[in-house]
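Peer 1: Listed here are the chains, written in short residue letters.
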Amino acid sequence: MSQASKHPARPLPKPNAYMDTTPFWQAANNGKLMIQYCRDTGEPQFFPRPISLANGRRNLEWREVSGKGTVYSFTNTFSAWAGHEDRTPYLCALVELEEGVRILCNLYEVKAEDVKIGMPVVLQWERLSDDIQYPAFVPANR
Amino acid sequence: MSKPKDIAIIGYGETPVTLRGGRSSYELAAEVMEQILEQTGIDKSEIDGLSIAETMSETSNPFWGVNTCEMLGLSPTWMQLNGLGGASGIGGIARAAAAIRDGLCETVLVLAADAQSSGQTPEQGAQRYEFMYPVGLKGPVGAFGLLSQRYRHQYGLDDRALAKLAVTQREHALLNPNGCEKLRKPLTEADYLASKYVSEPIRMLDSVMVCDGANGVLVTSTENAKRLGARKMIHPVGYGEITNFNGSQRQPDITISGFSVAGPRALRQAGMQASDVRMIMPYDDFLIAIIITLEDIGFCEKGKGAQFVLDTDMSFRGSLPLNTSGGQISAGQPGLAGGGLNLVEGVRQMFGEASARQVDDPRNCMVTGIGVIPYGRNWGVSNVLILEQS
Chain A
1 MSQASKHPAR PLPKPNAYMD TTPFWQAANN GKLMIQYCRD TGEPQFFPRP ISLANGRRNL
61 EWREVSGKGT VYSFTNTFSA WAGHEDRTPY LCALVELEEG VRILCNLYEV KAEDVKIGMP
121 VVLQWERLSD DIQYPAFVPA NR
Chain B
1 MSKPKDIAII GYGETPVTLR GGRSSYELAA EVMEQILEQT GIDKSEIDGL SIAETMSETS
61 NPFWGVNTCE MLGLSPTWMQ LNGLGGASGI GGIARAAAAI RDGLCETVLV LAADAQSSGQ
121 TPEQGAQRYE FMYPVGLKGP VGAFGLLSQR YRHQYGLDDR ALAKLAVTQR EHALLNPNGC
181 EKLRKPLTEA DYLASKYVSE PIRMLDSVMV CDGANGVLVT STENAKRLGA RKMIHPVGYG
241 EITNFNGSQR QPDITISGFS VAGPRALRQA GMQASDVRMI MPYDDFLIAI IITLEDIGFC
301 EKGKGAQFVL DTDMSFRGSL PLNTSGGQIS AGQPGLAGGG LNLVEGVRQM FGEASARQVD
361 DPRNCMVTGI GVIPYGRNWG VSNVLILEQS
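Line order of the protein sequences matches chains A and B. Residue numbers for the first sequence follow my numbering, beginning at 1 and rising by one. Residue numbers for the second sequence follow my numbering, beginning at 1 and rising by one.
Please keep in mind that the hints were generated in silico from the structure rather than gathered at the bench. The C-beta atom is built at its ideal place from N, Cα and C for all residues, glycine as well. Do not take every clue at face value.
Partial pick of chain B residues on the chain A-facing surface, computed with a CB cut under 7 Å [to be verified]:
| hint | residue |
| --- | --- |
| 1 | Gln-127 |
| 2 | Leu-137 |
| 3 | His-153 |
| 4 | Tyr-197 |
| 5 | Val-198 |
| 6 | Ser-199 |
| 7 | Arg-227 |
| 8 | Ser-248 |
| 9 | Arg-250 |
| 10 | Tyr-375 |
No farther apart than 27 Å at their CA atoms in a straight line, the calculated lysine-lysine pairs in the DSSO-like style are these [stated by the list, open to error]:
| hint | chain 1 | residue 1 | chain 2 | residue 2 |
| --- | --- | --- | --- | --- |
| 11 | B | Lys-232 | B | Lys-5 |
| 12 | B | Lys-196 | B | Lys-164 |
| 13 | A | Lys-32 | A | Lys-6 |
| 14 | B | Lys-304 | B | Lys-164 |
| 15 | B | Lys-196 | A | Lys-116 |
| 16 | A | Lys-116 | B | Lys-44 |
| 17 | B | Lys-196 | B | Lys-182 |
| 18 | B | Lys-302 | A | Lys-116 |
| 19 | B | Lys-44 | A | Lys-6 |
| 20 | B | Lys-196 | B | Lys-44 |
| 21 | B | Lys-164 | B | Lys-182 |
| 22 | B | Lys-164 | B | Lys-302 |
| 23 | B | Lys-5 | B | Lys-196 |
| 24 | B | Lys-226 | B | Lys-44 |
| 25 | A | Lys-111 | B | Lys-196 |
Please put together the full structure from these sequences, using the hints given.
Peer 2: Right, dumping it as structure tokens:
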């Protein structure tokens, strides 16, 4: 990021803002993508929630997932969200993980015109600070 | 609401839509209430209910509703604060009707006022700090970029239909003295197609411009409307609403909206089919929302919305007039009062008071609302109101 930027800095995640997401961020910092599973039904869910969407119980656990998925949809961003002005244009996507959840993320190492819905992608961590790695995705077949 | 026309809308009011007008939500609300009192000739003391929309400009104040009563000199025996985003306008009517039927009040001011463009948009919090902001998805524009891209993948989308919607609404806005001044200039289909991408495939001219403004209607029982000597009245005869459609699914089809539930519910209650609708005032935060709304309510098959638009004259002279005051996209979005803009136009049309853009035989009108942008889903709230003449 340009040091001379007149824009606000890219927003860092604020862990534990609405529930205890420590397991997610600790694992992320070690290069592991963890999502919640309902222990009763075996259903995964993302983003993290304080209850199982499947049955309304709080019997949840964190499990590591493969980091493999496909592009469900994407958008090429020309008008930035605050703090992302220096990144335009950039790709935001909904990636469908093979475990069956969708994750909102950035796509890297691909031009907008080459992105296809259904395209296989794999996890690539982006280091945002000493403590935070953020999940991004890149084409599986580069 | 049931088909018996026991509830009536007897008045409406609307401020001009302004960009950074600098007047507070309270001032804007006051203007609307005065208009309604003048128009109906009803004494302020008759208003014993307030159904008011949440705002962007005053939302940091949890007492916005009660404070409005204090500001306007109202003492309602029933007060409701509606936090349904752009669905609050018609949602406010449904709740008012229920309260009137339950005997909690008799005459309800359904009000929305927001000075969003003159203030700061409040923080919506929760998962956004961790799982949205770091990615940089551009708010509603980005969410509709994802939605629109997926829609195009599943069904294809003829840009000429979006261009036609943009031009039709703009032509209506040119006839609306309350429309935002900055938008009151002619627009061609070529202008739309040349409009720059903000979050591709969403263009600048697909989107609303956030402004300030207020609007409202007066709702009472039909019986009380007669006692009050109401000069005109129309009736809500069908309503449907759903929040967080497909909320327990982890991979819902994001091209399908809650209108697939709310639309049929409203039509069934009104004893109507989509083809019976004389005019439609759909919530228009983005042009593609209109296409999805038409499909999911049942005006055409899923995926055929663009063709329906191309085949249908939706001007105020046409077979299915659409957002005849310009919609939010061409009249400006008065913040979270945006849901009331197209509602008030529907009432105005049915009262026969739409001047240069008057629809002939305005026997009924469908109004829709959309509220709130969620994570990786279709929009958060969908609701549908059907209005009919006596």
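Peer 1: Hint by hint, note whether the structure agrees.
Peer 2: Hints and how they fare:
1. A cut of 7 Å between beta carbons decides the hint on B:Gln-127: the least distance to chain A is about 5 Å, and the hint holds.
2. The beta carbon of B:Leu-137 is positioned within 7 Å of a beta carbon in chain A (closest approach about 5 Å), and the interface hint is therefore held.
3. Proximity of B:His-153 to chain A holds as hinted, the smallest CB-CB distance being about 4 Å (cut-off 7 Å).
4. Of the supplied interface hints, the one on B:Tyr-197 holds, with its beta-carbon coming within about 5 Å of a beta-carbon of chain A, less than 7 Å.
5. Evaluation of the B:Val-198 hint against chain A yields a held restraint, the C-beta minimum of about 4 Å falling below 7 Å.
6. A distance limit of 7 Å between C-beta atoms decides the matter here; for B:Ser-199 the minimum to chain A is near 5 Å, and the interface restraint holds.
7. Hint on B:Arg-227 is violated. Least Cβ distance to chain A is approximately 47 Å, over the 7 Å limit.
8. For B:Ser-248, the interface hint holds, the least distance from its beta-carbon to any beta-carbon of chain A being 5 Å, beneath 7 Å.
9. Annotation: B:Arg-250 was flagged as interfacial toward chain A, and the flag holds, the nearest CB pair being 5 Å apart, inside 7 Å.
10. Against a cut-off of 7 Å between C-beta atoms, the interface hint on B:Tyr-375 holds, since the closest Cβ of chain A lies about 6 Å away.
11. Taken as a hint, the B:Lys-232 and B:Lys-5 pair is honoured in the structure, with Cα atoms around 14 Å apart against an allowance of 27 Å.
12. With a CA separation close to 17 Å, the supplied pair B:Lys-196 and B:Lys-164 stays within the 27 Å bound.
13. Between the alpha carbons of A:Lys-32 and A:Lys-6 the distance comes to roughly 34 Å, so the proposed pair goes past 27 Å and is violated.
14. Pair hint B:Lys-304 plus B:Lys-164 holds up; C-alpha atoms about 15 Å apart against a cutoff of 27 Å.
15. Among the hinted pairs, B:Lys-196 with A:Lys-116 is consistent with the structure: their alpha-carbon atoms are about 22 Å apart, no more than 27 Å.
16. Of the supplied pair hints, the one linking A:Lys-116 and B:Lys-44 is violated, its CA atoms being roughly 59 Å apart against a limit of 27 Å.
17. Taking the CA atoms of B:Lys-196 and B:Lys-182, the gap is about 18 Å. The hint holds against a cut of 27 Å.
18. Note on B:Lys-302 and A:Lys-116: the hinted pairing holds, with a Cα-Cα distance of about 22 Å set against a maximum of 27 Å.
19. Between B:Lys-44 and A:Lys-6 the alpha-carbon distance is near 52 Å, which puts this suggested pair outside the 27 Å criterion.
20. Straight-line distance between C-alpha atoms of B:Lys-196 and B:Lys-44 comes to about 48 Å, which puts the hinted pair past the 27 Å bound.
21. In summary, the hint linking B:Lys-164 to B:Lys-182 is supported, as the alpha carbons are separated by about 20 Å, within the 27 Å threshold.
22. At most 27 Å may separate the alpha-carbon atoms for a hinted pair to count; B:Lys-164 and B:Lys-302 meet this at roughly 19 Å.
23. With a C-alpha separation of about 47 Å, the suggested pair B:Lys-5 and B:Lys-196 falls outside the 27 Å cut-off, and the hint is violated.
24. Taking the CA atoms of B:Lys-226 and B:Lys-44, the gap is about 17 Å. The hint holds against a cut of 27 Å.
25. Only pairs whose Cα atoms come within 27 Å are accepted, and A:Lys-111 paired with B:Lys-196 is accepted, the gap being roughly 18 Å.
Of the numbered hints stated above, those contradicted by the structure are hints 7, 13, 16, 19, 20, 23, listed in ascending order.
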